[in-house]
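Undergrad: My request is simple: use the sequences and hints to build the entire structure.
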Amino acid sequence: IFIVNDSHIHPATNLGGKTALVNMAGWVQSHGYPNMWGRYADMRSMLSKPHKSQHLFQKYGISYIARDWRLAKDNGMDEDYFSFSNDVSIVYSSGKYTIFDVRGLSFPNK
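Here the sequence shown is numbered in the numbering used here, starting from -6 and rising by one per residue.
Quick caveat, the hints were computed from the structure, so don't treat them as lab data.
Certain hints may be false.
Unchecked claim - Derived pair list, reagent style DSS-like, types lysine-lysine, alpha-carbon separation capped at 27 Å:
| # | residue 1 | residue 2 |
| --- | --- | --- |
| 1 | K11 | K89 |
| 2 | K66 | K52 |
| 3 | K66 | K11 |
| 4 | K66 | K45 |
| 5 | K42 | K52 |
| 6 | K42 | K89 |
| 7 | K66 | K42 |
| 8 | K66 | K89 |
| 9 | K42 | K11 |
TA: As structure tokens, this is what we get:
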């Protein structure tokens, strides 16, 4: 499962066919996803306070984060954590996107 920005034209979901934790709010709401706003809040926590939200990565089965300027800016992403953590690796990087593999995150509270 990917964390992506809430644009309706994200390449991970549109071209790659990947599953996202949440996507465009209008789509999520119209399809009746339970606890939609709770998922958005959890996503913000995972991005802005990853060291305190590792249990959420496990809860949702998050494997990758497709970081772009919008995801980082809109959610206060702690980019240093994801860029320098020994438990996270960068699997793709271009001028626009960086894909973080977060499957290696440890879960100390488990």
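Undergrad: Going through the earlier hints one by one, which of them does the structure break, listed in rising order?
TA: Of the numbered hints given earlier, the structure breaks none, since each of them holds.
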